[in-house]
Structure formats: C-alpha cells, structure tokens
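Required output: the full structure, derived from the provided sequences and hints.
Chains A and B, in that order, are what the protein sequence lines are.
Mapping the first sequence onto numbering that gives the first Met the number 0, position 193 (from 1) lands on 192, and the numbers just tick up by one.
Mapping the second sequence onto numbering that gives the first Met the number 0, position 340 (from 1) lands on 339, and the numbers just tick up by one.
Misleading hints may appear alongside valid ones.
Claimed, not checked - DEER-style ranges, computed between Cβ atoms:
hint : chain 1 : residue 1 : chain 2 : residue 2 : range
1    : A       : Phe9      : B       : Asp93     : 34 to 40 Å
2    : A       : Leu99     : B       : Ser229    : 46 to 52 Å
3    : A       : Leu135    : B       : Lys305    : 27 to 33 Å
4    : A       : Leu99     : B       : Asp191    : 43 to 49 Å
5    : B       : Leu104    : A       : Ala227    : 51 to 57 Å
6    : A       : Asn139    : B       : Gln263    : 24 to 30 Å
7    : A       : Asn139    : B       : Lys223    : 23 to 29 Å
8    : A       : Val24     : B       : Glu60     : 51 to 57 Å
9    : B       : Gln59     : A       : Leu99     : 55 to 61 Å
10   : B       : Glu60     : A       : Met0      : 47 to 53 Å
Unchecked claim - Stretches of chain A that chain B covers, calculated by requiring three or more beta carbons in the stretch to come under 8 Å of a beta carbon on chain B:
hint : region
11   : 115–129
12   : 133–144
Stated by the list, open to error - So the derived list for chain B, only partly shown, Cβ under 8 Å to chain A, looks like this:
hint : residue
13   : Asp29
14   : Trp31
15   : Ala113
16   : Arg275
No wet-lab data here; the hints were simulated from the structure.
Every residue gets a Cβ at the ideal spot worked out from N, C-alpha and C, and that includes glycine.
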Amino acid sequence: MGITEIWTTFFLQPMVNSLLWLYSVLGHNFALSITVFTIIVRLITLPLTIPQMTSSKKMQELQPKLKELKKKFGDDKEALSRAQMELYKQSGVNPMGGCLPTLVQFPIWIGLYQSIYQVMAVNPIQVLHLSENIYLNFPNLSQLIPLNDRFLWLNLGRPDPYYILPVLVAASMFFQQKLMTTPGGDPSTESMTRSMNYTMPLMFGFFSLSFSSGLSIYFIVSSLVGIAIQLGLNKYMGLGPAAQSAGISSKKDKEQKGLVAVTESISSTEMKAGQGELVAQDVSLAESPATFGDSATEKGKRRRARKKRR
Amino acid sequence: MIKSLKKIMLAPLAVAIISVLVGCGGQLADSWPGLGIDRETIYASLGPKVYALNKETGTQEWVFPAEETKNGHMFYAPAVEDSAGRVFVGTFQDKFYAFAKPGKLLWTFATGGAIVDRATAVGNTVYVGANDRKVYALSSEDGSTKWVFDTQNWNWGSPVYADGLLYVASMDHHVYCLDAEDGSKKWDYRADGAIADAPLLAEGRLFFGDYNRKVHALDAANGKELWSFSTDHWVWGAPAYYDGLVYVGDLSGKVYALQASTGQKKWDFKAESGVRAGLVAGDGIVYVVAQKGQGYALDAGSGAVKWRFAPDHVGEGGEGFLSTPILSGNLLYVVSDRGIVYAFSTDDGAKKWTFSPVSKE
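Right under this line is the structure:
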C-alpha cells in the first residue's frame, strides 16, 4: 500500500463520507455541514492544539528573557546555549513542543480541506473523483450527489459575487493571528510576525476571490474556532494579553509568576559581570507586562526586592 | 539553533499548505473532451476550442474560435449541427454559441450555469440544459428564448427529442417529459440517484442509469417504471441499444447486457477500469471505452471480446477514455482525455487516423 493509498483510505475517505453523512442529517445544508464538520474536527484535535498554542505562547513570553541572555553572553555561544536550556528547563518550556503537534495536525488540516473540496464537486471531473472515495455500501450516500449548492445568496461551488466572504476570510484570519501573537518579543522575529499578520490574511482573502464560497466558509469557520480556542486558553490558562487585560489570575498565572523568579535567579547567578546591567534587565522585565501578565502590585514587590538585593 | 530548526520545519509546511490550497482551488480541467458529428464533419470539443475535422481523413477544416479566448479559461461541451448547417456548442463558462461554417459566430446566449453536454437541435429550435437548473428552448435563428423549464438541480445530459416530446434526465434525480413546443410538463419520474447523461429511447421505452447504482426502464408514454436493475457502481454514461438488448457500463468497469423488455441480464463483462462513457452499438458489436485507456469491441450477443483498441499513450500517466465514442459508417471515433482524436476501423480495430490539436498549432 503506497502513501497515496494510505492517505486516501485512512484520512480522505473517512472524512469525505463523514461530511456526506453530516450533510444527510443536517437537512441537506452544505454550508451548515462544513461549519459543523470543521468544528468537530477542530474539537477532536484540541488535545494537539492546546500544547501547541501553550508552547508557542510560552516561547513568545520567554523572548525578552532570551534576548537579555544573548546580550549578556554575546559571543560565548556555549554559555548562552547552557543558559537558554536552563531557562527552558526551569520554566517548563520545550522549545520544540509546538512543532510536533503542528506536524501531527497538518495531515488532518489537509484532509479536512481536501474532503470539503471533494464533496463540493461541481464539475464532472470533480464528481468522478468523488465517486472513487464514496463508501458505496454506506446506505444512501450516493443518493446525496450532487449536493445542494445554494445557500443564502451563495452558489457554494462558485466565488461570492459580492466579495463578502473574502473580506470575512481575511478579517477572521487577521484576528486569529493577532490573538496568537504577543507583542514584546524578539524585534527581528517580531517584525516578521507582524508582516505575516498582514500578508497571510490578505493572501487568503485574495485566494478567496477565486475559491468557491464553500471553501471560504471553511476558512472563516476554521479561524473563528481558532479564535474561540485561543480566547478560551487565554481565559482559563492565563495565556496572552487577553488574560492580562481582563486581570484574570489563575493557577497558570501563579506558575508564571514563579517563572519570573526563576529567570531572575538564573540571570543573577549567570550575569555576574555588572550590577548595572542586571538592574537594566530587571527593569526591562518589569516593563514587559504583556509577556508576563504581572499586575502593578507584583511590579512593586519586585522593585522592593531589587532594592533589598542592592 | 532551535529557531532555525523550527524555520526549517515550518517553511516547507507553509509552502505545502499554500500549494495544496492553490492546487485544489485553482483552475483545473472542468470536464473531458467531447465529440459531435454531422454528415461530413467530426466536431471535437477539446477544452478551449472546437475543431471541425474531416470524417474520413481527420484533417482540420476549421476551428472555433479562430483566436485565443481573451478571458483565458474556456471549456467547450460537445457540439451539434442542425439541418440548416448551424453548429451549436455550450461552454462551462455559462455561454452558448451558434456559429455558421467555417466558424463564423451567429449569436450568443448567456445561461446562469455551465453547459456540460451537447444541445439537441430540431427544426428551428435548439434545446439545452445547464447547471443553473434550467432547460432552455432557444430559437436556432437568433438565440431568443422560446421557453425555460426549471429543474431542481444541474442538467448534465442532452435532452432527447421524439414526436413533439422532449425527454430530459436531470441531476435532480428526475426524468421529465416535456412538450417540446411550449415546455409544459407531461410527466416526470423520480429515481433515487442523480442521472448524469441522456436517456436512451428505444422500443417506446426510456433507459437510463443513475448514481444510486440502478438501471431503469420507463414507459415513454407515461413515465411508469417497467423494470430496474442493480449494478455494482454508479452508472454515468448513457446506455446503448441493439437488437432487443440494452447495454450499460458502470464505474467499476462492469458492462451489462439486459433484455430491453424485462431487464433480465443476458451477460456481463468486466473492463480493466471504470466505464464512465456511454456505450455505442451497431452491426452486432458493442463498443466500450474505459477510464484507463482500454477500448473493447464486444460481441453484442455474447459479450466476447472481438478486438481491442487503445490510445497511443497507454499505462501509468497515459491517456484515458472518458468521453462517449461516436459510431458512423465503418469508423469508430474516440477521443482521449488528453484531447487526441482517433478513428478506428470497425472491421478490425485498425487505426485509420489520429488528430492532435497540439501538433496542428
């Protein structure tokens, strides 16, 4: 069995047929089926999404600290690497933690996208491809073809004539990306992230001008689910600016406060070169509330602690 | 190092995502090439152009449109010629054209959806179904609308005309019998699956297959079902009729010979790949073309293979046969999915001529 057969048999076909089944039970409304299907798949992959988002968030939050370490150790790469690893270890962050869940989710995203694309077959070639992936023995699925392609003002197999969906695709993707990134990181990566925040949504909005409306609906729903998951994480796990602006204190908050202490202690032992620099670093920490979620009271406490150390 | 590792891993991911999205959403072929015929000419609709070829020699006589289409993507459905020499062809870009030989445009009609199969021209009227869920009766002279009939889904099969009646099989699972004069409905029949090709009219009966793996026979006078037959896979192409038997192929590659009167199976045959195209039959032979480029001439009475035919490029990545062949005189015309037209002798399957638009341009 080649890779194509494995892909088709274990990913694509189950998804295609699940989507068709959903269509049959959701009143033959394909837009609703895409929405429900996307939400279900995103919920199933939530155990993969959460560690990825958490890890990515934590990594972003460590950026100012990493920057400081770089500044301190300069060319001493070995010491820098040791200090970085120590920082990761003490703050409980696996720097590669975000990659594996992303890699595992990747085929699922592709499968989700391809299944929606296949089921929404609008021309003979596409219907012929669909016929190869439909479960013939699953009662009544073949009877559903072709799907009802009308929804509100849309022909789901064609682009939105009023350009509403491309705008929504770009806007929802922008908000999702905006929510996932935290200001105050490494300036070099930050500028890249900022440009990605604008170019990716614009690019997808542009694609959606020629994509069928059904796919645009998928992109919008997918982004909205991403936003919901991110907001949920921010709220309940104390990640990111949303939690901080809401002034939410949780178990994770406390852990992160501990993280500040850990990083400070690493810095103070490693950076023996000069007190002035240590103060400067601590000030920079205190001035990056977005990354650490500190409250004004905590800042005050830290200032007092610094004075005491001096 | 970790950061660069991440970049190394994420960059191909981003590229892959974008290529998958663009690849899947991009402009791919809409359908397969199609053939039409009149007394002297084979009309080959090969994607963006319609080629008029000499039936006997395969030489190109003219092409429509003569210039490249300015708006880029264009895909023509099979063409048809009426008794006055006007040629009609629809496109997947919601346009229907009438032109005079050699390729002079007479008029254009805009539908609200793609036109997949050939129109049916009778007298001064041309009938065509479209993906906008409508069947149109247009004046052959100026393209003005005579009537419009609404269906509930796409219309992919050609309408069939007989004795003032028009039979339309639709993807909405229905077969409609309409008054050809005013478009009023005489009767309809609902199958459990979509009907993607024209029904076959023979012995006062309509024969057709559907996506729900059934072949049906209806009384053409009132639409009552006479019999049905279960197949292994979807039936897409139109059946053929010869000497009391109806022949139909399915997407699993099975070909069935059924008694037209009872639906009883006389024989079956398994092609090496799926049979998407309609079948044609004549002079005791049933011609079957299969998706991966296999062609069979079967004995109409027994299903035995008399001879085989194939395109020039066979095997993995080679040409496939998706379009219904045309049988005329002692030649069988077949077009491959790469747009190469072949004429085979019906005596022994010898290749008489080949036409490839690439070699002509």
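Closest C-beta approach of Arg275 of chain B to chain A relative to 8 Å, hint status = Given a least distance of 6 Å, the restraint on Arg275 of chain B holds.
For the pair Leu99 of chain A and Ser229 of chain B, does the Cβ-Cβ distance stay inside 46 to 52 Å?
-> The hint (46 to 52 Å, Cβ to Cβ) holds, given that Leu99 of chain A and Ser229 of chain B are roughly 48 Å apart.
Can the hint on Asp29 of chain B be confirmed by a CB-to-CB distance to chain A that is less than 8 Å?
-> holds (4 Å)
Return holds or violated for the Cβ distance of Glu60 of chain B and Met0 of chain A against the range 47 to 53 Å.
-> Roughly 50 Å apart at Cβ, these two residues keep to the hinted range, so it holds.
Per the hint of 34 to 40 Å, is the separation of the Cβ atoms of Phe9 of chain A and Asp93 of chain B within bounds?
-> Since the Cβ atoms of Phe9 of chain A and Asp93 of chain B sit about 39 Å apart, the hinted range of 34 to 40 Å holds.
Is it true that the C-beta distance of Gln59 of chain B to Leu99 of chain A lies inside 55 to 61 Å, as the hint says?
-> Hint holds: Cβ distance 58 Å, inside 55 to 61 Å.
Can Ala113 of chain B be said to touch chain A, with a Cβ gap under 8 Å?
-> holds (7 Å)
Taking the CB of Leu104 of chain B and the CB of Ala227 of chain A, does the distance hold inside 51 to 57 Å?
-> holds (54 Å)
Note whether the CB distance of Asn139 of chain A and Lys223 of chain B lies within 23 to 29 Å or breaks it.
-> Because 24 Å falls inside the window, the suggested range holds.
Return holds or violated for the Cβ distance of Leu99 of chain A and Asp191 of chain B against the range 43 to 49 Å.
-> holds (46 Å)
Would you say the C-beta atoms of Leu135 of chain A and Lys305 of chain B sit inside 27 to 33 Å of each other?
-> With a Cβ separation near 31 Å, Leu135 of chain A and Lys305 of chain B satisfy 27 to 33 Å, so the hint holds.
How does the coverage statement for the region 115–129 of chain A fare against chain B, requiring three or more residues with Cβ below 8 Å from a Cβ of that chain?
-> That given contact holds, which follows from 7 residues of the region 115–129 of chain A lying within Cβ reach (below 8 Å) of chain B.
When the structure is compared with the earlier hints, no violation turns up for any of them.
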